[in-house]
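Trainee: The residues making up each chain are set out below.
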Amino acid sequence: MSSTAAPARREFDIDRIFLGLCLVVPLAALAIFFAYPLATVFLRSITQQDGNIGVANYIQILNAPSFWRATINSLVMSLATTIAALACGLVVAYAVHRCRVPGRALLIGAVSLPLLAPSLVQGLGLIFLLGRNGILTKATGLEINIYGFWGLLIANGLYALPQAVLIIGAALRAADARIYEAAEILGTSGFRQFIDITLPNIKFGLLSAGFIIFTVTITDFGNAATIGGDYAILATEIYNQVVGQMNFNLGAVVGILLLFPTVIAFYLERVASQRQFGSVSDSAVPLVPVFTPRRDVVMTVAAWLVALLPIVTVVIVVYGSFVWLWPYRFDLTLRHYAVKVAGGYDPLWTTVQISVIAGVIGTALLFTLGIAMQHLPRAAAKPIYFICLLPAAVPGLVLGLAYIFAFNNPILPVYVLYGTATLLAICNVTHYWTQGFLTTMTGLRQVPPTLEETASCLGASQPRLLRDVIVPYMAPTLVSVFFFMFMRSMVTLSAVIFLVTASVSVVSVSIMRLDEAGFTSQAAAYATCTMAIVVAASLLMRASLWLLKRKG
Amino acid sequence: MQLELQNITKMFGNVVALDGVSFTAAAPEFVCLLGPSGCGKTTLLRLIAGLSQPDSGRLLLGGEDLTRIPARNRGFGIVFQAYSLFPNMTVAANIGYGLKIRGAAPANIKKRVGELLDLIRLSHLADRYPYQLSGGQQQRVALARAVAVDPKLLLLDEPLSALDAKVRTELRGEIRELQKRLGILTIMVTHDQEEALMLADRIVCMQHGRIAQVGTPDELYTRPQNRFVADFMGVSNLLDQALVREWAAHLLGGVTPPDDHVACIRPEDIVIRPDLRGARVREVQFLGNLSRLQIEWGGGMLVVQETGRTTLTPGAEVGIHISAENCTWVSPQ
Numbered sequence: 001m002s003s004t005a006a007p008a009r010r011e012f013d014i015d016r017i018f019l020g021l022c023l024v025v026p027l028a029a030l031a032i033f034f035a036y037p038l039a040t041v042f043l044r045s046i047t048q049q050d051g052n053i054g055v056a057n058y059i060q061i062l063n064a065p066s067f068w069r070a071t072i073n074s075l076v077m078s079l080a081t082t083i084a085a086l087a088c089g090l091v092v093a094y095a096v097h098r099c100r101v102p103g104r105a106l107l108i109g110a111v112s113l114p115l116l117a118p119s120l121v122q123g124l125g126l127i128f129l130l131g132r133n134g135i136l137t138k139a140t141g142l143e144i145n146i147y148g149f150w151g152l153l154i155a156n157g158l159y160a161l162p163q164a165v166l167i168i169g170a171a172l173r174a175a176d177a178r179i180y181e182a183a184e185i186l187g188t189s190g191f192r193q194f195i196d197i198t199l200p201n202i203k204f205g206l207l208s209a210g211f212i213i214f215t216v217t218i219t220d221f222g223n224a225a226t227i228g229g230d231y232a233i234l235a236t237e238i239y240n241q242v243v244g245q246m247n248f249n250l251g252a253v254v255g256i257l258l259l260f261p262t263v264i265a266f267y268l269e270r271v272a273s274q275r276q277f278g279s280v281s282d283s284a285v286p287l288v289p290v291f292t293p294r295r296d297v298v299m300t301v302a303a304w305l306v307a308l309l310p311i312v313t314v315v316i317v318v319y320g321s322f323v324w325l326w327p328y329r330f331d332l333t334l335r336h337y338a339v340k341v342a343g344g345y346d347p348l349w350t351t352v353q354i355s356v357i358a359g360v361i362g363t364a365l366l367f368t369l370g371i372a373m374q375h376l377p378r379a380a381a382k383p384i385y386f387i388c389l390l391p392a393a394v395p396g397l398v399l400g401l402a403y404i405f406a407f408n409n410p411i412l413p414v415y416v417l418y419g420t421a422t423l424l425a426i427c428n429v430t431h432y433w434t435q436g437f438l439t440t441m442t443g444l445r446q447v448p449p450t451l452e453e454t455a456s457c458l459g460a461s462q463p464r465l466l467r468d469v470i471v472p473y474m475a476p477t478l479v480s481v482f483f484f485m486f487m488r489s490m491v492t493l494s495a496v497i498f499l500v501t502a503s504v505s506v507v508s509v510s511i512m513r514l515d516e517a518g519f520t521s522q523a524a525a526y527a528t529c530t531m532a533i534v535v536a537a538s539l540l541m542r543a544s545l546w547l548l549k550r551k552g
Numbered sequence: 001m002q003l004e005l006q007n008i009t010k011m012f013g014n015v016v017a018l019d020g021v022s023f024t025a026a027a028p029e030f031v032c033l034l035g036p037s038g039c040g041k042t043t044l045l046r047l048i049a050g051l052s053q054p055d056s057g058r059l060l061l062g063g064e065d066l067t068r069i070p071a072r073n074r075g076f077g078i079v080f081q082a083y084s085l086f087p088n089m090t091v092a093a094n095i096g097y098g099l100k101i102r103g104a105a106p107a108n109i110k111k112r113v114g115e116l117l118d119l120i121r122l123s124h125l126a127d128r129y130p131y132q133l134s135g136g137q138q139q140r141v142a143l144a145r146a147v148a149v150d151p152k153l154l155l156l157d158e159p160l161s162a163l164d165a166k167v168r169t170e171l172r173g174e175i176r177e178l179q180k181r182l183g184i185l186t187i188m189v190t191h192d193q194e195e196a197l198m199l200a201d202r203i204v205c206m207q208h209g210r211i212a213q214v215g216t217p218d219e220l221y222t223r224p225q226n227r228f229v230a231d232f233m234g235v236s237n238l239l240d241q242a243l244v245r246e247w248a249a250h251l252l253g254g255v256t257p258p259d260d261h262v263a264c265i266r267p268e269d270i271v272i273r274p275d276l277r278g279a280r281v282r283e284v285q286f287l288g289n290l291s292r293l294q295i296e297w298g299g300g301m302l303v304v305q306e307t308g309r310t311t312l313t314p315g316a317e318v319g320i321h322i323s324a325e326n327c328t329w330v331s332p333q
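Protein chains in written order, with the working numbering: chain A, 1 to 552; chain B, 1 to 333.
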């Protein structure tokens, strides 16, 4: 077993080559599929009609009253949604984590429903309830116009609720029971404890959730497309410039301008999130709420009222898809499942295919990048970390637009990707890169360094170490990242809407087309099929995680 | 097999972690790197393992320069404080992992793993997963995994610190026995002087990234070279020369230590003479098999240790005697 210096050096190089590839491949992917497309958007935004470079497009947009109306609408809508979703999210999260309420898991499941559905489902549900042919509209005889501000507010609120509950819940969980016991002994009332201890402790969590909701809302397209009506916002403005008026460069201008609020909100979110979750004490005694009738009864009612909304919207879409003629004939039928849209169910299978590719590519790239970053000095890892946070600040529509500019150009070699399922998958990977990256890094940080060091001392090379030690240890994280990419890719609309072609299309687009054409029940049928697949994927993920956990 | 460290230096930013460390050790020695936290002992062990690189200095094993050889090609065994068993592998797979990497035949791996399981008396747990084992059992598996590949050097990084007192004492004996039987050159990091005294053939006592003293446990305890070693290796009374000259001049008879050196006298080397006067008992602590007394003498306090229970009570007036052979002159740093 005597090792000589010569072979040692050679194998050493294999490790370095491997780690080098782990670093270069994901970074090259980010350069080609993130940096380059965004640069083209910027370039197009300053390319004037006469072909020269200049700010004429910006001047034209900034002088258009419609742009300012859309901007004000977008800001008002995002602020209103932020306030509403924060309030509702706090109610549910507080009930789940700090009160004794029945059906906690069900509550969490109910508010998470919008994550499993294409973003158009909230809009569809509201149309079934309160639209011109809505069941409540007919029952009450009232003339409610759900298309517009209020409908969009509810739909956006529902869409943002899962994230709000998740982040506020995490902040509420990090509580130290001893502080509350001390307050109790000092004679502090429950309400005072909430005002004086709980709120100050979760304020950065609330801020973080607020900025996330703001970003999600200002960049959302699906809800605005289904239920926004005449309430024009920036996302629909981009879509109209590009698809309606074929004015790509003006669309690019609006896209660049939309980056400002999202980048700022995203930056503030990172700052707030670090303040809230940066230093969690290990020695904290977990808080176990004691049954307090006055508080818990009120909170149970309030939380279930909030949770009822997503349940009702989703259930009514599923139900509506099986009903003969909403809201007149309620006998059950499958006739809406014979969809009258170009391609029929082909897009459903294409989307599954895209989602699997996105899951595989995304997980592989994020994991290898994470591995490489762990071997980099801090000074080199930090800028890469920062770059990996950027995709979250780019609205899906802007990214989609960027992909047209970057890849729909026959003279470039990357044109071979245009119109393929692979490009749509890569677009989704880029779109959801940041969340996947953060999850991967958290998972990697949990691998004890001594485990790697032990394997190294035993003679394991980097690839071997990965296979035998890190991948088994990280398996739950990798499964989570894969299914995250899969499920997001199944339901996303904004980034891919510009990239679909007649032969390669996705479910969200089919649902939108059906809804636009007035086939609301068929849209519901299509959405139900999609949700069935996403729910199945979610169950599969839970089963895999359970199996992994059981194996130890 | 001889390990030789030549003038090893390592910086972390502006902090000097190791400052010109040199020593040699040869099989079948058991060497303890001992010192308080932050003294550089773990850094030194990681450099020997190849898990980090020295800024300057050389590391030789059997005359061969190790400095540029990565950890995985050094063929050492390592055991960490946190067990660090691979959670996805059984006990047997953990022990056999190093052999598997080296491409050993499955039959040979099985045989070797079987021998080692017998040695650590865990044969009945071969198919268990680490989480099903107690801390002591996990650490024994980690030890077996480290020695399975016949390492040229066995490195132990505070292997007993995570265990509770009783298991620690048990495993301490087992480590010593295993090491003797295999005759592997072993280097262990510890901050526990009792552990070092019991296990080591030689102790490398470290302070602020430098070696304070190297020697056998007996040398370090009875003949510390400086105040730090005297203090760190158990309890000591340190008396400056002026005090000694006035109150116990016979300790300076025949020796002329440098001016700044102080006298180091172990508590058990001070004899209490109830028939004499000049000192007063201030406090008595009962420690089971020992009694520890604080005695006012020469304007200061002495710590004195007696075997068993003492009949003296606080306030009693006594005399003390220190014999010259029990006095070691140590440098102040």
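These are computed hints drawn from the structure, not numbers from a lab. Predicted, not measured: the structure shown is a model, and the values here were computed from it. Keep in mind that a hint or two might mislead.
Here are some chain B residues pointing at chain A (derived, C-beta under 10 Å) [claimed, not checked]:
(1) F23
(2) S84
(3) N88
(4) G98
(5) A142
(6) V214
(7) P217
(8) Y221
(9) L252
(10) G253
(11) P257
Sample of chain A residues with no beta-carbon within 12 Å of chain B, all distances over it, derived [stated by the list, open to error]:
(12) R100
(13) M299
(14) F386
(15) T454
(16) G459
(17) S461
(18) Q462
(19) T528
DMTMM-like mimics (lysine to aspartate or glutamate), calculated; alpha carbons at most 20 Å apart, straight line [claimed, not checked]:
(20) B:K100 / B:E115
(21) B:K100 / A:D15
(22) B:K180 / B:D127
(23) B:K100 / A:D230
(24) B:K152 / B:D65
(25) A:K549 / B:E115
(26) B:K152 / B:E4
(27) B:K180 / B:D164
(28) B:K110 / B:D65
(29) B:K110 / A:D468
(30) B:K180 / B:E170
(31) B:K166 / B:E177
Heads up, the beta-carbon is just placed ideally off N, CA and C, and yes, glycines get one too.
Trainee: Are the hints correct? Go through all of them and say.
Mentor: Verification of the supplied hints:
The restraint placing B:F23 at the interface with chain A is violated, with a minimum CB-CB distance near 21 Å, outside the 10 Å limit. Below 10 Å, beta-carbon pairs count as interface contacts, and B:S84 has one with chain A at about 4 Å; its hint therefore holds. With a least beta-carbon distance of about 4 Å to chain A, the hint placing B:N88 at the interface is held under the 10 Å criterion. Proximity of B:G98 to chain A holds as hinted, the smallest CB-CB distance being about 4 Å (cut-off 10 Å).
Given hint, B:A142 at the interface with chain A, holds; its Cβ is 8 Å from that chain's nearest Cβ, closer than 10 Å. Below 10 Å, beta-carbon pairs count as interface contacts, and B:V214 has none with chain A, the closest being about 25 Å; its hint is therefore violated. Below 10 Å, beta-carbon pairs count as interface contacts, and B:P217 has none with chain A, the closest being about 28 Å; its hint is therefore violated. For B:Y221, the interface hint is violated, the least distance from its beta-carbon to any beta-carbon of chain A being 32 Å, above 10 Å.
With a least beta-carbon distance of about 52 Å to chain A, the hint placing B:L252 at the interface is violated under the 10 Å criterion. Of the supplied interface hints, the one on B:G253 is violated, with its beta-carbon coming no nearer than about 54 Å to a beta-carbon of chain A, more than 10 Å. With a least beta-carbon distance of about 46 Å to chain A, the hint placing B:P257 at the interface is violated under the 10 Å criterion. Chain B leaves A:R100 outside its interface by the beta-carbon criterion, the shortest separation being 32 Å against a cut-off of 12 Å.
The Cβ of A:M299 lies farther than 12 Å from every Cβ of chain B, with a closest approach of about 37 Å, so its non-interface assignment holds. Non-interface call for A:F386 relative to chain B: holds, since the shortest CB-CB distance, roughly 22 Å, exceeds 12 Å. Remark: the non-interface label on A:T454 conflicts with the geometry, its nearest Cβ contact in chain B lying 5 Å away (cut-off 12 Å). In this structure A:G459 is not separated from chain B by more than 12 Å, as the shortest Cβ-Cβ distance comes to only about 5 Å.
The non-interface label for A:S461 is inconsistent with chain B: the shortest C-beta to C-beta separation is roughly 6 Å, within 12 Å. The Cβ of A:Q462 sits about 9 Å from the closest Cβ of chain B, inside the 12 Å cut-off, so the non-interface label is violated. Consistency note on A:T528: stated as away from chain B, and its beta-carbon is indeed over 12 Å from all of that chain's, at 39 Å minimum. A threshold of 20 Å between alpha carbons decides the hint, and for B:K100 with B:E115 the separation of about 16 Å falls inside it, so the pair holds.
Between B:K100 and A:D15 the alpha-carbon distance is near 19 Å, which keeps this suggested pair within the 20 Å criterion. The straight-line distance between the Cα atoms of B:K180 and B:D127 is roughly 28 Å, outside the 20 Å bound, and the hint therefore fails. Between B:K100 and A:D230 the alpha-carbon distance is near 68 Å, which puts this suggested pair outside the 20 Å criterion. Between B:K152 and B:D65, the direct Cα distance comes to roughly 14 Å. Compliance with the 20 Å bound is thereby established for this hinted pair.
At roughly 31 Å between alpha-carbon atoms, A:K549 and B:E115 are farther apart than 20 Å, so this suggested pair is violated. With a C-alpha separation of about 13 Å, the suggested pairing of B:K152 with B:E4 holds against the 20 Å cut-off. At most 20 Å may separate the alpha-carbon atoms for a hinted pair to count; B:K180 and B:D164 exceed this at roughly 24 Å. Restraint check for B:K110 and B:D65: not satisfied, since their Cα atoms lie roughly 34 Å apart, outside the 20 Å limit.
For the given pair, B:K110 sits about 19 Å from A:D468 by alpha-carbon distance, which is consistent with the 20 Å threshold. With a C-alpha separation of about 16 Å, the suggested pairing of B:K180 with B:E170 holds against the 20 Å cut-off. This hinted pair checks out: B:K166 and B:E177 have alpha carbons roughly 17 Å apart, not beyond 20 Å.
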